[in-house]
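Participant: The lines below spell out each chain.
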Amino acid sequence: MFEALQYQFMQNALAAGLLAAVACGIVGVYVVVKKVVFISGGIAHASFGGIGLGYLLGINPVLGAMVFTVAASLGFGLVTRRTKLPEDTAVGILWAMGMALGIIFIGLAPGYAPDLFSYLFGNILTVPFFDLMLMLILDVVIVALVVTLYKGFLYLAFDEEFSTVSGVPAESLYLLLLCLVALTVVVLIRVVGIILVIALLTIPAALARQFTYSLKKMMLLAILAGIIFTFSGLWISYALNLASGATIILVSGTILFISLGINRLRRRTQERERTASAA
Amino acid sequence: MTAKELVKLKNVWVHHDNIPVLEAINLSIESNDFLGIIGPNGGGKTTLLKVILGLIKPSRGTVTVLGTSPERGRKHIGYISQLNLFDRDFPIRVFEVVLMGRYNRAGLIRGYNEADKNAAVAALKTVDMLDYKDRQVGKLSGGEQQRVFIARALTTNPKLLLLDEPTASIDPGMQAEFYELLEKLKENMAIVLVSHDISAVSIYVNEIACLNHRLFYHGSKEVSAEELEKTYQCPIQLIAHGTVPHRVLREH
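If you read the protein sequences in the order shown, they are chains L and Y.
For the first sequence, the numbering used here assigns the number 96 to the initial residue and increments by one for each residue that follows.
For the second sequence, the numbering used here assigns the number 2 to the initial residue and increments by one for each residue that follows.
Keep in mind that a hint or two might mislead.
Here are the simulated lysine-lysine pairs, DSS-like style, with alpha carbons at most 30 Å apart [to be verified]:
hint : chain 1 : residue 1 : chain 2 : residue 2
1    : Y       : Lys76     : Y       : Lys185
2    : Y       : Lys134    : L       : Lys129
3    : Y       : Lys76     : Y       : Lys140
4    : Y       : Lys76     : L       : Lys311
5    : Y       : Lys160    : Y       : Lys11
6    : L       : Lys130    : Y       : Lys140
7    : Y       : Lys11     : L       : Lys179
8    : Y       : Lys134    : L       : Lys312
9    : Y       : Lys118    : Y       : Lys134
10   : Y       : Lys5      : Y       : Lys185
11   : Y       : Lys118    : L       : Lys312
12   : L       : Lys130    : Y       : Lys76
Restraint-style ranges between C-beta atoms, simulated for each label pair [said to hold, decoys possible]:
hint : chain 1 : residue 1 : chain 2 : residue 2 : range
13   : Y       : Ser170    : L       : Glu368    : 26 to 34 Å
14   : L       : Glu255    : Y       : His17     : 18 to 26 Å
15   : Y       : His17     : L       : Val162    : 35 to 43 Å
16   : Y       : Ala177    : L       : Val235    : 53 to 61 Å
17   : Y       : His17     : L       : Phe133    : 21 to 29 Å
18   : Y       : Ile110    : L       : Ile188    : 30 to 38 Å
19   : Y       : Ser170    : L       : Gln305    : 54 to 62 Å
Among the chain Y residues that face chain L by a calculated CB cut under 7 Å, a handful are [what the hints assert, rightly or not]:
hint : residue
20   : Leu54
21   : Tyr80
22   : Phe91
23   : Pro92
24   : Ile93
25   : Met101
26   : Tyr104
27   : Asn105
28   : Leu109
29   : Gln137
Hints in this document: simulated from the structure, not taken from any laboratory.
Every residue, glycine too, gets a C-beta built ideally from N, C-alpha and C.
Using the sequences and the hints given, assemble the complete structure.
Facilitator: Next up, the structure:
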């Protein structure tokens, strides 16, 4: 395993895992506590339209996905806030329309789309240098926005009504949060792929939530969890020659379930001790 | 201290999908009022509070808060919404919740300074919850959570407190304690609380109004059974409290 680290592709893969962990750790916490997991799933799938657009225009599909996904998220946010269309209905439409556009765009694009599969399911071992740089820039943007607007996002997630009464620009922050989800999806596409993105947006945050009730600590723990998930998933997929994106997701889910199980056992033991000492 | 008019509603109508929720509401709240608004669920109680806060725009009529629009005037209002609306697992501490009240001083970008933190500590002392400041809000009892949200509303020195079903998630034993806190607060501000629980409200407030799409305002808390029936549109039991020496139970 360790001799693999001297290869450029392996170093790139580790860098990609690290950058993915930062984005999904921070934004994933908001996704989980604000309960916008389903919306994020819709945004992730809609990004396929952007991949198709990239192929059609002959630009880097990840760049296409970035522009398209941010626009789709803003459109979704405005439609749900300004019209009477129920949110979950709107998610279904966003989800399918984004993918449908992607299929049409790819059909219209000249020639064959060779690495389409890696956008759908991710391949951490083949992340190009340009995409790594883009991931780094998006990470910086995400961290800067969250640090600057920390309390705005916290209040939006905790109590939107009181936020509005106190003058928090709740709707603008909500739209911005959807954009952050869109940017995170873009960061994660190369690592786990469009279809599996939602797992990395939820599992690290869900794991972190078991250990703290501070939002900041939850973000740091989720980043750490993300790093452990991507690195160990990468290692297992390399050693066993499995698909890297899918392996990362299965490792994450397994660790989460083990942790939930341990927590449950610990609580039951504590309760038993309490009843024993009371008796 | 002479009473000053804080809130005025003139012929306010609110429609939801063309169905009237509030009809021709006229209401005046003065700076020393302690008003209880009672009425059945779905009678428009929460809507009325949201109209005062500018969260819902009336389809007809005018709302004035401290001589200006609700959006401008609401910084002088402390709002305590129904407790059951928040996520008990949300990772946030008591002190962070109370600091939220200082948002309109600090704004979106600036962090909280000493003055903000002192205001939060003072508010927690007022509601007797300072010892709990590092606890997770969701892990407190209903009564304790209620106090935390009142503290949040107090950090801005409001002229008016609006409470939506404040006793719904407090166990009965704690209700007396809760109303004693309101007794203390009403020295410095007007208080309006809405509830479907007639008996609990009527002991403490100074005036009662009944709301079931229309507002029946009595100016005192002597509410007759007939008036309550008009509000609830069904025969009700009226149980008198306090100085009335016997219970009046009406037949169903």
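Participant: Hint by hint, work out which the structure violates, then give me just those numbers in ascending order.
Facilitator: 19
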